[in-house]
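Colleague: Sequence:
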Amino acid sequence: MIHVAIISANRPHQVAQMQGALHSMQPTWYVPKGQASIYQNAGAIKIVEVDGEMPMKSLQLNKALDDGFQLGQIVVTLDDDYVWAKRLVIKDEKKKTVPISPQIAIQELVSNLESYPQYYAAGISASILS
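With the working numbering, letter number 42 in the sequence shown gets 42, and the count goes up by one each step, no holes.
Below 25 Å or equal to it, Euclidean Cα-Cα: the simulated BS3-like pairs (lysine-lysine) are:
#1 K86 - K96
#2 K46 - K57
#3 K63 - K46
#4 K33 - K46
Quick list of simulated restraints, FRET-style, between CB atoms:
#5 K94 - G52: 43 to 53 Å
#6 K94 - A42: 36 to 46 Å
#7 K94 - I38: 41 to 51 Å
For the record, the hints were derived by calculation from the structure and aren't laboratory data. We treat Cβ as the ideally placed atom computed from N, Cα and C, and that holds for glycine.
Please put together the full structure from these sequences, using the hints given.
Modeller: If you want it as structure tokens, here you go:
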């Protein structure tokens, strides 16, 4: 089982896009204390409020890891601003990217993680590649 965690703050307008992109995956939203109701009103179903001062991304990430590990699940964390996922395909020494759904990207990362004695798998964000 996979614990999909979306790290967000002050951006409930991202809920519909993220829920739509993840389709059947039911993410847990990690938001600052006091923001659960606005995320719920925006359509988020599972919400965990995290206490702390902004910026608090590291607190949210650690809470997501704690929750997922306590459940015995692999933890996948996402920011709240998904744009696209692509797979790099190399054939005959030529490289190209192929669009894939975020669910497929997550499943491939998890499959790789389960196949090797690793504790961490990551995708590269577009902002890093730009």
